[in-house]
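Q: Construct the entire structure; sequences and hints are all you get.
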Amino acid sequence: MNCLEVRELLPELAVGVLAPEDRERVERHLRSCAGCRKEATDLGSAAAMFAFALEPARVPQGLGDRVVARVRRAAGAPGTPRRARMAAAAVVAAMVAVASLGWGAVMAGRADRFAERAEQAERQQAEALERFQRILAGVIPGQELPEDQTYLGRLAPVAGGSGGGAVLQLVSPTIQDFAMVIVSGLDPADGSMPYRVQLVNAGGEVLRAGLIDELDADGGAEMFHRFKTADLTGYTAVNVVDATGELVLSGAVDQSA
Amino acid sequence: MEGLLAGNEEAVRALYARFARPIFTLGLRLLGSAEAAEELTQDVFLAAWRKAARFDPSRGRLSTWLMTIAHNLAVDRLRRETGVTRPRLILVDEIPEILGPDEDEVLMERDVAIRALASLSDAEKRLLARAYFGGLTAREIAEADHIPLGTVKTRLRTALIKVRRANQDKERP
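First to last, the sequence lines map onto chains A and B.
Following the numbering used here from start to finish, the first sequence increments by one per residue and tops out at 259.
Following the numbering used here from start to finish, the second sequence increments by one per residue and tops out at 487.
Each statement offered as a hint is correct.
Here are the simulated DMTMM-like cross-link-like pairs (lysine to aspartate or glutamate), alpha carbons at most 20 Å apart as the crow flies:
no.: 1; chain 1: A; residue 1: Lys230; chain 2: A; residue 2: Asp67
no.: 2; chain 1: B; residue 1: Lys467; chain 2: A; residue 2: Glu29
no.: 3; chain 1: B; residue 1: Lys467; chain 2: A; residue 2: Glu23
no.: 4; chain 1: B; residue 1: Lys467; chain 2: A; residue 2: Asp24
no.: 5; chain 1: B; residue 1: Lys365; chain 2: A; residue 2: Asp215
no.: 6; chain 1: B; residue 1: Lys365; chain 2: B; residue 2: Glu353
no.: 7; chain 1: A; residue 1: Lys230; chain 2: B; residue 2: Glu349
no.: 8; chain 1: B; residue 1: Lys365; chain 2: A; residue 2: Asp189
no.: 9; chain 1: B; residue 1: Lys365; chain 2: A; residue 2: Glu216
no.: 10; chain 1: B; residue 1: Lys476; chain 2: A; residue 2: Glu10
no.: 11; chain 1: A; residue 1: Lys40; chain 2: A; residue 2: Glu26
no.: 12; chain 1: B; residue 1: Lys365; chain 2: B; residue 2: Asp390
no.: 13; chain 1: A; residue 1: Lys40; chain 2: A; residue 2: Glu7
no.: 14; chain 1: B; residue 1: Lys476; chain 2: B; residue 2: Asp425
no.: 15; chain 1: A; residue 1: Lys40; chain 2: A; residue 2: Glu29
no.: 16; chain 1: B; residue 1: Lys467; chain 2: A; residue 2: Glu10
no.: 17; chain 1: A; residue 1: Lys230; chain 2: B; residue 2: Glu353
no.: 18; chain 1: B; residue 1: Lys365; chain 2: A; residue 2: Glu29
Derived from the structure by calculation, the hints contain no laboratory data.
A: Below you can see the structure in the form of structure tokens.
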């Protein structure tokens, strides 16, 4: 893309309506072209005036505390649940390993064909759940993680794609539901990020489970989201979509298990 | 920004105190509910923390950087998660009016913005708002108005440059 082509697209970039594929190409050009970058900055600043001109709304009380808490958690500040999050991620990582040993077969009801590996998988799953209970007990004393309310699933790439992952859901009538996802092998390209994790029920209703906007060197990440009000019952399909809305990973948990 | 990078509470609170309101307002305007706007506000500050190292003051103001993150996240959310292809269409009377500044809690950015937007004609304001709040691409506007695509792009650019120049004039001593 040359400067002429890029500059023709900058107004639409500034007002946020440039198609994702064009945005990616333009932003690639901007990284190496100071002149176009200056123009993009100027036009972006102008477009932002519309947002600043709006009649200010009243911000909910306590939002500042929630923002600070969220950033501190993400930053891993002392006294935050980061340790637990990492430990929980390790549990899911263990579950991924379990899956590779035949846990998927258990979920498919074919344990009889894989008896030995299934037995091993069940044992490891039970151990993982026990560890998870201990972690939760350390964070929220007294909170139990009932095994019969915890559900697991695998995430597989869509046709032609790569990557994989696992999902864990807690669906409980007494404590806040949560979902945890671990992924690996995702594409870290700017045009693909951020990835979004969605839970979908049979009616096609979608719950946001979270955003993955950073990947490690292996294209991996983990995500933990507690749902303050939503009930995860029935939200058994799990999708990971990229920034363009393309489905990259999909899977399901068996909430009847 | 260094404080923000470290997740420093005071840095986050300072940034929040200054920018939470316009971000929440934009979220409310684009997403339509206080709950979604709150979630967006949290997402913006988290994204700002994650991207803090990439912020380059020589490439624009912090306020613009944050608002661009907010706008992109909001439009992204509307397009991908609710199945809506674009934010709801803006009505002409919803376009921000050129009002005098509030008597209290005047945000510097709002004052600047209002003055900058005053440089636009009604047609230019409407055009920019259809894109910025309505999510219409230049092509969609061209088709709706039966005018050449190139004309729409030129008008968008001209209008943005007018706002930018007005803003620069305001900033000049």
